[in-house]
Amino acid sequence: NAGVTQTPKFQVLKTGQSMTLQCAQDMNHNSMYWYRQDPGMGLRLIYYSASEGTTDKGEVPNGYNVSRLNKREFSLRLESAAPSQTSVYFCASSEWFGTPRAGELFFGEGSRLTVL
Amino acid sequence: AQSVAQPEDQVNVAEGNPLTVKCTYSVSGNPYLFWYVQYPNRGLQFLLKYITGDNLVKGSYGFEAEFNKSQTSFHLKKPSALVSDSALYFCAVYGNNRLAFGKGNQVVVIP
Chain A
1 NAGVTQTPKF QVLKTGQSMT LQCAQDMNHN SMYWYRQDPG MGLRLIYYSA
51 SEGTTDKGEV PNGYNVSRLN KREFSLRLES AAPSQTSVYF CASSEWFGTP
101 RAGELFFGEG SRLTVL
Chain B
1001 AQSVAQPEDQ VNVAEGNPLT VKCTYSVSGN PYLFWYVQYP NRGLQFLLKY
1051 ITGDNLVKGS YGFEAEFNKS QTSFHLKKPS ALVSDSALYF CAVYGNNRLA
1101 FGKGNQVVVI P
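These protein sequence lines are chains A and B, in that order.
All residue numbers for the first sequence refer to our numbering, where the first residue is 1 and numbers rise by one.
All residue numbers for the second sequence refer to our numbering, where the first residue is 1001 and numbers rise by one.
If we strip away everything but chain A, and leave its shape as in the complex, we get:
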C-alpha cells in the first residue's frame, strides 16, 4: 500500500522556468491538499480539492495552479518559478469533511524544490 506518492523528490529550477509536481493517492480519498513548508513558518496551504472536480485556494495560492486530474491525482504547477518558491512541498489526502476521519491527513514524503 503506497499511500501518497509525490514526484519528483528533488528539483532545481532557474527563475522563470515552469514545472509540475505530481501527486497520487491509492486510499480512495476524496480530499487532497498541497502544502509548502518553510523554516519557522510551519505548513501553509496552497490549494486543496475537497472532492473530485473542485479546487479552492488556500493561504498562499499566488504563483501556483492545480489540477485535480481524477480522484487519485492532484498536481501542482509553477508557471514561472521565483526564488521565493524555494520550499519543501507536501501533498496530502484525507476522507471527505463530515466523515469520522476527516482531518486525518496522510502525507507524501515531500518534494524539495530550489529556485535559483
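Simulated pairs of lysine-lysine, BS3-like, Cα-Cα distance not exceeding 30 Å:
no. : chain 1 : residue 1 : chain 2 : residue 2
1   : A       : Lys71     : B       : Lys1049
2   : B       : Lys1049   : A       : Lys57
3   : B       : Lys1103   : A       : Lys57
4   : B       : Lys1103   : A       : Lys14
If you want the ones that stay clear, here's a sample from chain B, every Cβ over 12 Å from chain A, calculated:
no. : residue
5   : Gly1016
6   : Lys1022
7   : Thr1072
8   : Ser1086
Chain A regions said to be covered by chain B (calculated; three or more residues, Cβ under 8 Å):
no. : region
9   : 33-41
10  : 45-54
11  : 101-112
Simulated from the structure, these hints should not be mistaken for lab results.
C-beta atoms are modelled at their ideal positions from N, C-alpha and C, and glycine is treated no differently.
Dock chain B against the given chain A, drawing on the hints supplied.
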C-alpha cells in the same frame, strides 16, 4: 478564521522525563484539534485528535493530549520521553474542509 499557536520553538527534555508541547487555539464554534509529528526528511504523521467527548485524548506512541476549553489549549503530553521522540510536532485545527497548522515545535530528547 481558525488558527493555532505554538508558543515555543524548541522543547528540550531529558530522556525519561515528562514531555509537554503547548498549543492554544482560536476558533468560532466547536474546535476539531489535531497533533501531527514529523521525523527528519519525512512527511507528517497523524498522532491524535479531539473532536468531542473526553478532554484527555490518547494517541499513537504513548502520546496523549488534554483539551482545556476555558484556557483554549490542547497540549500534547507524554509521561516518559524517549530519544526516538525527537522530532517536529505540529498542532492543527480543522475547519472549512482544511487543516490549519501551527509553526511547529522541535522536540529534543537528551539521552
